[in-house]
Amino acid sequence: MSMIHVTTNVNGDDVEFLCDPRETLLDVLRDKLALTGTKEGCGTGDCGACSVTVDDRLVCSCLMLGAEAEGKSVTTVEGIADGENLHPLQEKFIEYAALQCGICTPGILVATKALLEKNPDPTETQVRYWLAGNLCRCTGYDKIIRAVMDTAADMRKAS
Amino acid sequence: MAMDHDKTNGFKVVGTRPNRPDGVDKVTGRAKFGADAYAPGMLHAAIVRSPHAHARILSIDTSKAEALSSVKAVVTRADFAEGLTGENWNILENVMAGDTALYDGHAVAAVAATTPLAARDAAKLIKVEYEPMPHVTDVDKAMAADAPIIRAGAADSSVPSGLHANVVRYHESGHGDVATGFDEADVVIEDSFKTEATHQGYIEPHACLAQLGPDGKGEVWCCTQGHFNVQKVCAALLGTDSSQLRVTASEIGGGFGGKTVVFIEPVALALSRKASRSVKLVMSRSEVFRATGPTASTSMDIKIGMTREGRITAAEGIFRLQGGAFPGAPMEFTAMCAFAPYDLNNVRQIGYDVLSNRPKQAAYRAPGSPMAAFAVESVVDELCKKLGLDPLEVRLMNASKEGTKASYGPRFDRIGLVETLEAARDHPHYSAPLAEGQGRGVSCGFWFNHGGETSVSLALSEDGTAALSVGTPDIGGSRAALGQMVAEELGIPYEKIRTTIADTATLGYNEISHGSRVTYASGLAAIKASRDAVQKLCARAAAKWGIDEEAVVWEDGYAKPSGPNAGSFEPISLAEIASTMGQTGGPIAGHFEATPEGAGVSFATHIVDAEVDDETGQTKVVRYTVVQDAGKAIHPTYVEGQFQGGAAQGIGWALNEEYIYGEDGRLQNSIFLDYRIPVASDLPMIDTVIVEVPNPGHPYGVRGVGETSICPPLAAIANAVSNAAGVRLKHLPMSPPRIREALDQQANG
Amino acid sequence: MQYHTPGSFDDAVELAANAEGITRFLAGGTDVLVQLRADIVTPDILIDVKKIAGVRDITREDGGWRIGVAVSGAEMSEHPLLQKEWPGVVEAMDLIGSTQVQGRATLVGNLCNGSPAADSVPAMIAAGAWVSVIGPDGTRKVPVEDIPTGPGQTSLAKGELINAVHLPERGANGGDAYLRFIPRTEMDIAVVGCAVNLRLDGDKISEARVVLGAVAPTVLLVEDAAAAIIGSTLDEAALEILAAAASAACNPIDDKRGTIKFRTHVAGVLAKRAAKIAYERAGASV
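So the protein lines, in turn, are chains H, R and U.
Heads up: the first sequence at position 157 corresponds to 157 in our numbering, and the numbers run straight through without jumps.
Heads up: the second sequence at position 90 corresponds to 90 in our numbering, and the numbers run straight through without jumps.
Heads up: the third sequence at position 196 corresponds to 196 in our numbering, and the numbers run straight through without jumps.
Among the hints, erroneous ones may be present.
Claimed, not checked - Which chain U residues stay away from chain R? Per the calculated CB distances, all over 10 Å, these: (1) 39; (2) 77; (3) 169; (4) 206; (5) 224; (6) 250; (7) 251.
As the list claims (entries may be wrong) - Okay, derived cross-link-like pairs now, EDC-like style, lysine to aspartate or glutamate, Cα gap no bigger than 16 Å in a straight line: (8) R/124 x U/39; (9) R/141 x R/79; (10) R/730 x R/741; (11) U/256 x R/196; (12) H/118 x U/78.
Said to hold, decoys possible - Among chain U residues calculated to face chain H with C-beta under 7 Å, some are: (13) 1; (14) 29; (15) 186.
Worth flagging that the hints you see were computed from the coordinates, not collected in a lab.
Where a beta carbon is used, it is the ideal one built from N, C-alpha and C, also for glycine.
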């Protein structure tokens, strides 16, 4: 089986890898690039645990081939913090206990960061619908939604 | 250990809301879950599963797979221990089928290869020849005379004669005389209910990395609620020694009972033993649905009698549960929990454990209790409606309290049901006006909670900090709560304590994180271990001062003379004593190894408003309030989180989640697209009220809180939906087609 | 599996025409990758069309719109003029999957997947949309309703692919709407879908198209349902005839998502509700 050579950028780093044409971006991130923060919950685009942004567009990395990443710019949960400084969303998720087991957290953080960049002042309903593709089984979403709304308010004040 | 009244009056750390110790790891992607471990030279495994609900396995041809250079090992049942009995045999039979595939998704072989894709491709080359047999997946049909026998001779001695061979266990309990009780009633309602099987729905599929050498020494890394149990079961299934197998629990991406069970670890170990390389095995989502344990599905008959004033005179329930092709459906819990909220003179409950061609059921958050509450609380609601009585006042009138003889036998110690009912009645939600098309429902729920074998260790460092090692995987923030209890006892800041989930080589046996036991039992153990360490700290101070150990007390992180008679010495801090411990007698550590028996039962009352679109049968939950007795909330935010999470899972179970089997006995909805758990836009905020009626069996009064929260929602939502739609829903989930059907039937008389 | 990224439609056609085995085109991939992962379809040749110039463009064309084969749902929702003129088409596309899926999923992918429950297809048919099909014999125009031929089946021949969707000029006094029924609020496949596109003359409906999804092996253009409201002011009587006509057209199956009875009933309910929205939108544009 011939492997495909791919050159891409992940979290600001230029990277190259060889992948089987059937391997997804998620497979590549985890198994080739050791970026295991991105999780596989379903492999069918239904849970959002594998959310990443590709050229600033929020996608499920399980629904994109590794080969399609050629020439793109990918951001994962590992790229959200600025060095040792956590992103305000990360801080607020800890403070609000917006996670219990934490398996959905990377995907939810990537997704909510994308939301706040697009819409800094979302309503509760908008946050809920934006995150409808990010399943959380522990929290009932309550504390997640509160953390997102409060982060958005803080970020609006700060800007 | 009894409650410590001195301590509970002046908590400094307990009851506060510090950040969880694993928070930063979990928001940055650093936290390592089951599938996040990699070993040098590791192989990847895939499992071959039965496409039949029930079939004899005639042959397994692995030659084509083994011929591939990428394939390093193939295993079948022949690669596991022989001669197992009892539950070990059941587990092995489920982990890898013997001569018969018992359900769609049952494992029949496994392969390890150099890449995940190579393993999946190789699995497709393993040819299994099946002879399909008749199957049954519905509990009532499995008990019927014409049902195929799933496993002859599986019934135990509890089963009365004359029942179908698929009935494998029987339970009967109660007290008083229900016939007399029903005679005393002004109204008696009798009705039948069904609930479909649901899955725990944790987002992290089962995953492990295993290695087992020819010397019988092995290592397992896996996501589990109980790594000591994994060690014990794997050793039995592989025919090796427990202590030679070291099991480490990864971070766990949700369990809810579903990860109390062993599925893939023995398979990975068997492959590793054969290939002499580490093997990683990760389930797909579809495998999780098809082959791991969902709940039991149920069929229930309830009969309750009530006086005009609202006093319940008698109650009777029959509970039939199928738990898949193996004994173990939690029908005794269903029976025992059913009437627990009520103080009854006459009560009787019967349970049946029934085999069917479905995966082996596993615990799911208060296993068996939510279904019972659905059936019982629906009938109680109908009685209230018929008699024109307020549903909360009727529950208060009949509520179990301290001293009540429980429907399942013992007398209740101090409990908080009445307090939750009063808090619900007085909550603004209960008196808020409803909009057009909305209905309100309430329900109580009950769960036992559990203690269990527990071992912890607390080591002090020379810099005055402390490391707590526990053996109960953290499934909801328990490391924070345990650290708080140690901080409370030692009198040092919470931030100075690190709590770790230790591997099986580090501590004595720890029972699984189940039964809402962690904050209770590991918490009690952490307190005891802290006091053990404090005693040693006091001894060091006593030696320094040249006074008796008994003359030293520990207060706020300092050893102090107990009073004027003990002498006058400057208090010494924990840090000071620890800094010289190497010279004053050696390391200081505290321990606890025992089986705490004082777990306190807990009750909850939920209020829910639902809106039903009667044209489409769609239900929207518009307001939800959880009121639950936590005994003592160590970390109130995480207690709220348990309340909210249980309610959300209950909403899913009530409205849309179900295992759907086709005529062919195959599971039809094995992905999240069609197994519909609630998404963010489905739910409202979930309001919580923490009631604190201390558990006399814990030094701080802690009751388990993890499970009770899923007991009332099914019933509360059924009551709300029935009130909104004007028709009683008796079959869960109350999916739109079922609600429409009920409306149609009512309209057609 | 071979993976190709042709730089032109001619190259894509040539690859597909000469391919042996199963060929699939990759645009958003939200169905292709799921089928690959689940071992439902493992193509021998996968042709990624996203490197072809112009495939991500939404452009004006004869007063209507040309939507390139790889335009995602998110890009449609972010296009204010398209949204204003064809809200039903845009909202139908927007209902497919999550925010993440919207970042990739395409109209053409939704169409070629051949599902009778595809959300965007009833809306496109109601709108009178057509697609341009490019193949070894050149390019042809095909109405959207002629593409799906059954569950998972299309009328496209070997070597053919769709390169764009074309929406007609909206014109005056028109409005469209799409509603679907799902048990949750998001993330499900339609149990029933209904699109209505209509035009008003004064307050009377002068033209209408009513299309149902998920109630038959292919999406249904229901002429009786349209006839029920043409000439009316969408009064209660017309709505009842519309609902009855929609229900009567249904030929659904019992499956895990819904029963025959349920689907048949809800088709009527959605037809009424979608018609009211389309009517209001048409009125608002007067």
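Each hint tested on the structure:
no. : hint          : verdict
1   : 39            : violated (7 Å)
2   : 77            : holds (16 Å)
3   : 169           : holds (34 Å)
4   : 206           : holds (28 Å)
5   : 224           : holds (21 Å)
6   : 250           : holds (14 Å)
7   : 251           : holds (18 Å)
8   : R/124 x U/39  : holds (10 Å)
9   : R/141 x R/79  : violated (36 Å)
10  : R/730 x R/741 : holds (12 Å)
11  : U/256 x R/196 : holds (13 Å)
12  : H/118 x U/78  : holds (11 Å)
13  : 1             : holds (5 Å)
14  : 29            : holds (6 Å)
15  : 186           : holds (4 Å)
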